[in-house]
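Trainee: Put the two chains together into one complex, using the hints given.
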Amino acid sequence: KAGVTQTPRYLIKTRGQQVTLSCSPISGHRSVSWYQQTPGQGLQFLFEYFSETQRNKGNFPGRFSGRQFSNSRSEMNVSTLELGDSALYLCASSLRQGLAYEQYFGPGTRLTVT
Amino acid sequence: QQQVKQSPQSLIVQKGGISIINCAYENTAFDYFPWYQQFPGKGPALLIAIRPDVSEKKEGRFTISFNKSAKQFSLHIMDSQPGDSATYFCAASKLGGGADGLTFGKGTHLIIQP
Numbered sequence: 001k002a003g004v005t006q007t008p009r010y011l012i013k014t015r016g017q018q019v020t021l022s023c024s025p026i027s028g029h030r031s032v033s034w035y036q037q038t039p040g041q042g043l044q045f046l047f048e049y050f051s052e053t054q055r056n057k058g059n060f061p062g063r064f065s066g067r068q069f070s071n072s073r074s075e076m077n078v079s080t081l082e083l084g085d086s087a088l089y090l091c092a093s094s095l096r097q098g099l100a101y102e103q104y105f106g107p108g109t110r111l112t113v114t
Numbered sequence: 001q002q003q004v005k006q007s008p009q010s011l012i013v014q015k016g017g018i019s020i021i022n023c024a025y026e027n028t029a030f031d032y033f034p035w036y037q038q039f040p041g042k043g044p045a046l047l048i049a050i051r052p053d054v055s056e057k058k059e060g061r062f063t064i065s066f067n068k069s070a071k072q073f074s075l076h077i078m079d080s081q082p083g084d085s086a087t088y089f090c091a092a093s094k095l096g097g098g099a100d101g102l103t104f105g106k107g108t109h110l111i112i113q114p
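Line order of the protein sequences matches chains A and B.
Numbers 1 to 114, taken from our numbering, label the letters of the first sequence in order.
Numbers 1 to 114, taken from our numbering, label the letters of the second sequence in order.
Pulled out of the complex, with its shape left as it was, chain B reads as follows (with noise of 0.2 Å):
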């Protein structure tokens, strides 16, 4: 059962322009949402996260939407740089943890083309 739905797969973005990134979860019970970035060779790195309090969170170009009543949560990327290039991860998990530890989406592949 895939509790996080991550879309799309890959996505290309002509430089500047916004990069949007969407992730769905079905238990409710989950209460922080972090978004990962992961280049090559490297572990994940994390990006900027959101608790269900909040409807927005932004930290630079990066700004989280969340969505409680539709269990929805998206990574907005704006002025996306040739080194935003990445693979990127949604995330959710409850507070203490559990069986389903962080639960990650399946990834978007971003390029950004100059």
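Bound conformation, chain A alone (with noise of 0.2 Å):
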């Protein structure tokens, strides 16, 4: 079975634009979170979707949005990014809702801003 794919693994971006990024969860996964990774924060919840409806939210500002497909494919984005959001963005799905559950994580994508 493939696991948690990311797309693009790498990017970069320019302070004042917005960026998308991409997760397909492993087949038969419904519910997929989010997480900024940073050498100073470490790993932070952003937000978990299950059946396209966001069920939790992390403490980050409005700028940080998502959402989820039908087939349970799931993005992020991010608008005015600033030089703060440079950072690695894992995707992780799980079989059911809620936190307690195992959680599969991607490779990331790395974002740098300038």
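Simulated from the structure, these hints should not be mistaken for laboratory data.
Everything hinted at is true.
Computed cross-link-like contacts, DSS-like style, restricted to lysine-lysine with a CA-CA straight-line distance of at most 25 Å:
no.	chain 1	residue 1	chain 2	residue 2
1	A	Lys13	B	Lys42
2	B	Lys71	B	Lys58
3	B	Lys5	B	Lys71
4	B	Lys57	B	Lys106
5	B	Lys68	B	Lys5
6	B	Lys106	A	Lys57
7	A	Lys57	B	Lys5
8	B	Lys57	B	Lys15
9	B	Lys106	B	Lys42
Because the structure is a prediction, the values reported are computed rather than measured.
Mentor: Right, dumping it as structure tokens:
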């Protein structure tokens, strides 16, 4: 069974631009969560989607948004990029809704904001 | 507010030795405690997880010890091998999720010397 895939793997954007990242979960998984990983803050939870609905949301500004499609694929959007948004963005999928279940992470998208 | 404190930040162990990483949490509502292993350029991979109704769980060379009263849990890697060299993250969450999502410790960079 294929793992979680994320595209693109690397991205360079300019401050003020917007960006969309994509995540395809493991086949059959309906929950998709997004995390931001930085050297200073570590791994931080952004949000979780299940059945096309946002179920949980972390403490990030409204510039960070997401959505999930009927095939469980998910996208994450960051508008008005700031230098501090440079990070590894990780997507994780799970069979069930809620975060107390096994989550499988993708390789991440490395976003650099200049 | 850091809800999961992980120590040590880095650890060097000789091949064949026991690696021990500790975590402490504050939120008594947490009821799921996983450990993740991350290699450079890869997403975190679930190693082992525990619920608070048991005090220990073992899978191969990896063991989680859990102390509910002290709000602490630890990962023990027996017979440590050079291939175990990676960054390890403890995490915690509430069943069903919530704004905190899956809350991670800051990570431990483990080096196993041959």
